[in-house]
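Starting from the known structure of chain A, fit chain B with the ligand onto it as the hints suggest.
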Amino acid sequence: MKVPVAWLRDYVDLPANADEIVARLAALGFPVDEVETRPQLTNVVVGRIAKLERHPNADRLQLCTIDIGRDETLLIATAATNVAQGQTVPVALIGAELAGGLKIAPRKMRGIDSQGMLISAEEIGLPGEWFEDGIMQLEATMPLGTDVVAHFGLTDPVLDVDVTPNRPDALSIVGLARELAASFGVALRVPDSEVEYEGDSDDARVTIETVDCKRFVYQRVEGIDVRPAQAGMRIRLALAGQRPINNVVDISNFVMLEAGQPLHFFDWDRVGGKHLIVRDAHDRERFTTLDGQERTLDVCAIVIADEEGPTSLAGIMGGQRSEVEPSTTQLLVEAASWTGPRIRRVSGALKLRTEASTRFEKSLSPALADVGAARAAYLLAREGGRVRRPRAAGQPVPDPAPIGLLAGEVQRLLGFELTTEEIERALAALGFVTQREPDRLIVRAPYWRGDIAIAADLIEEVARMVGYDHVRAEVPGTASQDIDSAEFDRETELATTLAGLGYTEVVSLSLQPGNVAERWRANGIAIDEPVEITNPLSDDQRWMRFSIAPALLEFAARDRAVRPYRVFELGHVFAQGEPPQETVQLTALHAGGPSAFGRLKSDVLALLRRATGVEARVERGVFPSLHPGKTAALRIGDRVVGYAGVLDPRLAHAYDVADTTALATILVEALPPYVTPRYVAPSKFPPVERDLAVVVPLDVLAGDLSDAVREEPLVRSATVFDEYRGPQVGDGKKSLAVRIILQSAQATLTDQEADAALARIVAALRKRFGAEPRA
Amino acid sequence: MSGMDSLESTLAALAARFDDALAGAANAHALDEVRVAFLGRSGEVTAVRRGIGTLPPAERPTAGKVINAAVEAMEAKLAAARTRLESAALERSLEDSIDVSFPGPAANIGAIHPVRRTAIDVARYFTRHGFAVVLGPEIETDANNFDALNIPPDHPAREGLDSFYLRPDLVLRTHTSPMQVRSMRKHGPPIAIIVPGKAYRRDAIDARHLYMFHQVEGLMVGRGIHFGHLKGMLLGLFRELFGPWADVRFRPSFFPFTEPSAEFDVKCPACDGQGGTCRTCGGSGWIELGGSGMVHPNVLRAVGYDPDEVTGWAFGCGLERIAMKRHDMNDIRAFVENAPGFAAGLA
Ligand SMILES: [Zn+2]
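From first to last, the protein sequence lines stand for chains A and B. Mapping to my numbering: the first sequence position 675 is 675, numbers consecutive. In short: position in the second sequence from 1, add 775, done, that's my numbering.
Isolated chain A (complex conformation) (with noise of 0.2 Å):
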């Protein structure tokens, strides 16, 4: 909310520059998103146009003898066309700084020294088209030679300022006002709402027909003459970022602003039956509102209806048929108050948001339509208005609950102590009312904080007024709880380990186009189906990703020139279900380099070593993105918990990377929990080692084999270092060479042990796999 400080000076005489308002506004709550500073401007008086001639020497100018409560006249010349004698205006005297660093100097025009300058809304900092053309026009009733710039606050600055949606009190000048008031100690000048009335409001009739208003404030007021408004309130207007359009419109969006209760004034000779009628809209009933706009609209508004229809879209925008216009003599003030939920329902559903609807969804206090409406009587009754008597449909304003505070309740919670003179004169200051009882103080909230209903709303308003400073840092005792951290543990062994291992993790964007999945598919690749969001931003972020592989292809093809090329990236990937399927997956890519996938293999088997303090079975695998021929499922006990392959090479070919390019995937939540690994004492006898080389069937695996070989007792390693395919083991067949190394915790092996042993290797090799030892 753009807030001048000027405004706010308005009714609060605060002891402190902007930057410390800016402080003060922020240690209460109420951050201030961005200073506007105003030009600086100097020596702008009020002056009267007692005497307008035509410039002897020049047709577009003219010469005005300027009143400006000083003995002496000042003589100036301007070329504006909209002055006249008797016109009040802000009047630039030499020395002047005006906006756009223009400064006054004596000059002659034409011939003859002009004393000053006339000036317009824009050389005082205003938007230009917000104003009349030509020189601004201020009231008459301004004392002359009124220093300008001090008077309406020219050059305090305009505050964004960010109200949390619990406090649309705050969405006002003096809500914020009173905010600072309270904070600096001193007094709140609550704008003047005394009005005599004439009359009643008896000539219209209002019919609520739904629950969700609550209050519907009317009164009738005649003898409006509609006009531009006093300079004062186009000036707050303005600074606050609000066009003004006449003195009508303007009351009710100043009243808006500064008390933060919406308005709508309907022009009373177009309210059909002088008869309103508030109710939920029709199903596909049409309307247009005052921005022009036909809207269709369902169940879910509320109208304003006459006996014509409905002429007001409550709590979001006025209709076009009963709009203020320049030849409106009468109105019928409406100041109402609404449920906010449905308020903002059908702000969304419509997409139309207003002024009056932000503050509306919040809930604004019933009690505030009759001070809106109080105060718009005020002000349309200094604009020549004749005002009756308000009258009020809906429910009457709920006396505000009694909250109970405990003693101790305060230090409970914040860790200090207060008195209770402090708590209550903490909560005196923002318009609280306390009673004391033995062992609590019941408390009642002013009729703006809606927000407050338990005793820690209390209870925050008083840290907020003594400040969120005085909370000492303290260091809790540990708890005692029964609450391990085994997800994140292993989440961090294997993310710390494969990055040892030389893989650099990466963060990919968890939603994805539809493409992703269509280009797997048309790849021949089967996929779970992927979950869909239903309010996506854009169709790029439709899918969740049901594999974190395609976001690893793209970096690894983007990064082509990075070889050999690690990364892997830990989290989570969605299939579709009941519920949807939601599985943490660890993914790592290895391309580039000697034997990729040999490479991914023995890190993500050294991997799963460490993770789970056990050795992972290497077996053949299936998985959707790798080789259907190249392929391992790696398996701990009776479950895989990963794979790793190379890359199915019609991804390779999609992706544009290399055939060789390989990967594994870990299906964390399968892997078993660590196993502390028994420890065996090295045997202090020499180790005999022997290679054995076996002729096999083509599809035995190397794995199997070594397995095979370590269920002899006396061999302690038995790993395959070679393969031979050709015409020396003949079609089908290769030869497999296994180095052996044999030992024994008991005595140093002798020759004919060891060759006893691999014997039975051998033997238990033949009847295994057909296996025979090559020559």
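FYI, nobody ran anything at the bench for these hints, they're computed from the structure. Treat the hints with caution; some may be incorrect.
Simulated crosslink set (EDC-like; lysine to aspartate or glutamate; CA at most 20 Å straight-line) [as the list claims (entries may be wrong)]:
| no. | chain 1 | residue 1 | chain 2 | residue 2 |
| --- | --- | --- | --- | --- |
| 1 | A | 351 | B | 978 |
| 2 | A | 103 | A | 147 |
| 3 | B | 961 | A | 723 |
| 4 | B | 961 | B | 937 |
| 5 | B | 973 | A | 493 |
| 6 | A | 734 | A | 722 |
| 7 | A | 601 | A | 469 |
| 8 | B | 973 | A | 582 |
| 9 | B | 1042 | A | 122 |
Using the frame of chain A, we list chain B with the ligand on its own:
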């Protein structure tokens, strides 16, 4: 001349030649040749020893001793010469030098992502104080994400948490706060947890916003837990993350699930809180980091805790935001662009 005299003069001549040969030996190999030539199986000493047989039997033992003494002396000289040569070689090798700046083969450098780095650092601090670190699903029920956190439908606060929906009752969590609800329903009180993880909000991507980002949530509920404990824990956290000069301030704010509520700011490291024209803090001297407060009694009730018995605090802040301040970054998009060298450069 007696046989003995002749033997001694032979040995003396031999020793002289041995000395000459030794002096001429410049390396271990040459030394060995000298040893073989004089002391080897068919060396000169062996030849002299054979001459003992020509001596009268009475002189033979003496002759043997004389030869042995000469052999010992030669072996000692040989050993001394070997030691001399070795130390000379070591001295010489110390004079070698290489271009140590010549690049070695590329290292296998990997790195965890800076967001994880930050999460781990945050977790280390809290676990030291007895907190558990829990994770949770990114798809959340509307009820956990909003209702249980005292944000009923149509609450204005839902506006700032514009969420992605999968179904009318399922959202991508807009904050990590639903894990407060899930954890409290399962455990305690007392409870002390932090929750790092992803959250989603329907924001257009720009230098300050990603629709997917990471938060860390903190929650502590028990008897006697108050606002000061929240401040104490956050102060300690940011001193650990930013440095011992770090300072934390609270400002009143509004969150439906806390009361009182506070935003917390950390004193700007770039200008030490001076503000002015500082780019890092925009001139305020403080950097907004997150939201916090005392857990609202309605939230405690919703999970079955008794707000008359226990109190608690909660906070939430963006991990990217912390990481950006730690690494002096100004564009959040870098976290998901993953340019080569990005993570390694910040590790
Ligand atoms: Zn700074």
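Hints versus structure:
1. A:351 <-> B:978: Distance of about 17 Å is within 20 Å: holds.
2. A:103 <-> A:147: holds, 17 Å
3. B:961 <-> A:723: violated, 55 Å
4. B:961 <-> B:937: violated, 28 Å
5. B:973 <-> A:493: Holds - the C-alpha atoms of residue 493 of chain A and residue 973 of chain B are around 19 Å apart, at most 20 Å.
6. A:734 <-> A:722: Roughly 10 Å separates the two Cα atoms, so the pair holds.
7. A:601 <-> A:469: Outside the cut-off at roughly 56 Å; violated.
8. B:973 <-> A:582: holds, 13 Å
9. B:1042 <-> A:122: violated, 40 Å
When the structure is compared with the earlier hints, violations turn up for hints 3, 4, 7 and 9 and for no others.
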